[in-house]
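Trainee: Single-letter residue listing:
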Amino acid sequence: AQSVAQPEDQVNVAEGNPLTVKCTYSVSGNPYLFWYVQYPNRGLQFLLKYITGDNLVKGSYGFEAEFNKSQTSFHLKKPSALVSDSALYFCAVRAKVSGGYNKLIFGAGTRLAVHP
Amino acid sequence: EAGVTQFPSHSVIEKGQTVTLRCDPISGHDNLYWYRRVMGKEIKFLLHFVKESKQDESGMPNNRFLAERTGGTYSTLKVQPAELEDSGVYFCASSQEWTSGWNTGELFFGEGSRLTVL
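Protein chains in written order, with the working numbering: chain D, 762 to 877; chain R, 1178 to 1295.
Any given hint might turn out to be false.
To be verified - List of simulated lysine-lysine pairs, DSSO-like, C-alpha gap at most 30 Å:
#1 R:K1231 <-> D:K810
#2 R:K1192 <-> D:K810
#3 R:K1255 <-> R:K1231
#4 R:K1218 <-> D:K857
#5 D:K783 <-> R:K1221
Hint data in this document are derived by calculation from the structure and do not stem from the laboratory. All values reported here derive from a predicted model rather than from experimental measurement.
Take these sequences, add in the hints, and give me the full structure.
Mentor: Quick look at the structure:
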C-alpha cells in the first residue's frame, strides 16, 4: 500500500537555526513527492516537488527538500528559520490509479513552531 | 485568476442534520478532488472528478456522503445524515490535467470547509 509517514507531530526551532521536517514514503514505482504548507486559516499551498533529477530540490520561501531513495525519505529543510515559517507542513506522494489518473496521498502533518 | 473557493468556511450542525459543501475550482480545471482532515490525522482522499464524471470515489466513507459535479464546473458534497465522526475540515482541490505522463500532479487547494457535528 502507498503511504506517507511524518514521524513528528511538532518541530520546535529557534529563529535563525536550521530546520528539518521529516517524511518517509512507501510507493510502488518511481515516487513523485510533494510538500505543502498550511498557514493559519488558509488552504494548503504548494511548496516544492521532486519528480526526477537532482536529489535536492528547491522551493518557495527558501525551503528545500532532499530525496533519498535508499532511505525512502523526502525531508524538508531550511538553513535559517523565520518566525513566519510557523505553520502546518504536509508531505505527499503521488499514487497512480486506474485509467492513468493520479491522486495525492498525504501524511498526518507536522506543526512547525519557530520561536523568536 | 481566482483560486479554488469553498463555501461555507465553517458549518456547525447537529447530528442527524444535512449539510452541503460547495467547491468552485479554478476555471478550466477538469480535475476536482475532495479531501478530508480529521483533527490531528492525515489528509484523506475522498474522491476525484474528471469533468462531471467520478473517476475515483474509493475514499468516500459510506453512503451518507454524496458528491456531484453537474456540468463539470462546481462540485457539491452532501452529508446526510451527519454523524459526530464526520467532523473535520473538508478540502477541495483542482488541477488542469492529470494523466500519466509529464504532468506533475500539483494540486491547487481551497481554504477548506470546517464541519462541526454536535
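Trainee: For which of the previously enumerated hints does the structure constitute a violation, in increasing order of number?
Mentor: As far as the earlier hints go, only 2 is violated by this structure.
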